[in-house]
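J.: One-letter residues, chain by chain:
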Amino acid sequence: MAIDGYTINGPALVYTGTGNAGALELLGYTTDGVDVRITENVEPIMTDLLGTQTPQDFQDMGMVAEITAPLIAIDRAVLAKVMGRGNRAAAGLLSTPGNVKGAGGWAFRLGISSSADSPWSFAAAILRPTAQFRLSTKAQPLTLQFFAWPYVSYTATTALNAVLWTRSLS
Amino acid sequence: MGVLISYLGRKTQFWYPCQRSEIREVLANHVQNWKQETVLVDGQEVTRIIPITELTAVYVTKWGSDQPVESEPIPVADLLR
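Chains as they are written, first to last, in my numbering: chain A, 1073 to 1242; chain B, 91 to 171.
Honestly, the hints are just simulated from the structure, not real lab data.
Beta carbons: idealized from backbone N, C-alpha and C, even for Gly.
Warning: the hint list may mix true and false statements.
[What the hints assert, rightly or not] Partial list, derived from the structure: chain B residues whose beta carbon lies under 7 angstroms from chain A:
| no. | residue |
| --- | --- |
| 1 | Gln103 |
| 2 | Trp105 |
| 3 | Val129 |
[What the hints assert, rightly or not] Cross-link-like lysine-lysine pairs, in silico, BS3-like; alpha carbons within 30 angstroms at most:
| no. | chain 1 | residue 1 | chain 2 | residue 2 |
| --- | --- | --- | --- | --- |
| 4 | B | Lys152 | A | Lys1173 |
| 5 | B | Lys125 | A | Lys1153 |
| 6 | A | Lys1153 | A | Lys1173 |
| 7 | A | Lys1153 | A | Lys1210 |
| 8 | B | Lys125 | B | Lys152 |
| 9 | A | Lys1153 | B | Lys101 |
| 10 | A | Lys1153 | B | Lys152 |
| 11 | A | Lys1173 | B | Lys101 |
Next comes chain A alone, as it looks inside the complex (with noise of 0.2 angstroms):
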């Protein structure tokens, strides 16, 4: 495959998959753009061949991506739903501590649409660590944070090919 194009994405507008159903809904769009930070997690494998800095070799340990969306302009009826997810009554109070949220059915989907390459989906997230605003005169964005992971249920008994991210509307 030769080089087929700039990295441009277009505007990222932020979807939450918290609609009736799961389905996708407009979150809300950022500054400018969507920062997204995929982590391979790998564990080294410390041999006395090579000394106790650097690694032999290397063990996969999953894979997650943190998404952090500065946005300038919200559906509040859908943010209050992404704030207030968990058995908790409303944005502001608390989940019953303990509360799983995958198997719980409280994570999300999360969308990052693109007009100019493929849109972006993560098949679990949840709000993690923070949400983050100022409170002034001017305009300020609400920044988002989100954490995505491969969940899997707790019926299975393997997590190959769980999915973190896809870039179709499968």
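Keeping the supplied structure of chain A fixed, place chain B upon it in accordance with the hints.
T.: Chain B only, in chain A's frame:
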């Protein structure tokens, strides 16, 4: 009330609360922002434009607990022509 967009043979759905008068605009914006995808074909990543014919939409006037109980089909291709 709003537009529920689905894709043939896919689980993905999109929900856009809107008035009837906004249906065409909602569809046009959606198609602009979600017009292509990358899929694996024989282990190779292939980018494809999603044909309008794979997209179906209904205008939902009443939701049940998890799916529409009152909705009307939207002629997507005709509206976007």
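J.: Against this structure, judge whether each hint is valid.
T.: Status of each hint after checking the structure:
1. Gln103: For glutamine 103(B), the interface hint holds, since the closest Cβ of chain A sits about 4 angstroms away, which is under 7 angstroms.
2. Trp105: holds, 4 angstroms
3. Val129: holds, 5 angstroms
4. Lys152(B) / Lys1173(A): Given that 30 angstroms is the threshold and the Cα spacing comes to 29 angstroms, the pair holds.
5. Lys125(B) / Lys1153(A): holds, 27 angstroms
6. Lys1153(A) / Lys1173(A): holds, 14 angstroms
7. Lys1153(A) / Lys1210(A): Within the cut-off at roughly 26 angstroms; holds.
8. Lys125(B) / Lys152(B): Holds. Lysine 125(B) to lysine 152(B) sits at ~28 angstroms (cutoff 30 angstroms).
9. Lys1153(A) / Lys101(B): holds, 21 angstroms
10. Lys1153(A) / Lys152(B): Holds: lysine 1153(A) and lysine 152(B) sit about 20 angstroms apart, inside 30 angstroms.
11. Lys1173(A) / Lys101(B): holds, 21 angstroms
Consistency note: the structure conflicts with none of the earlier hints.
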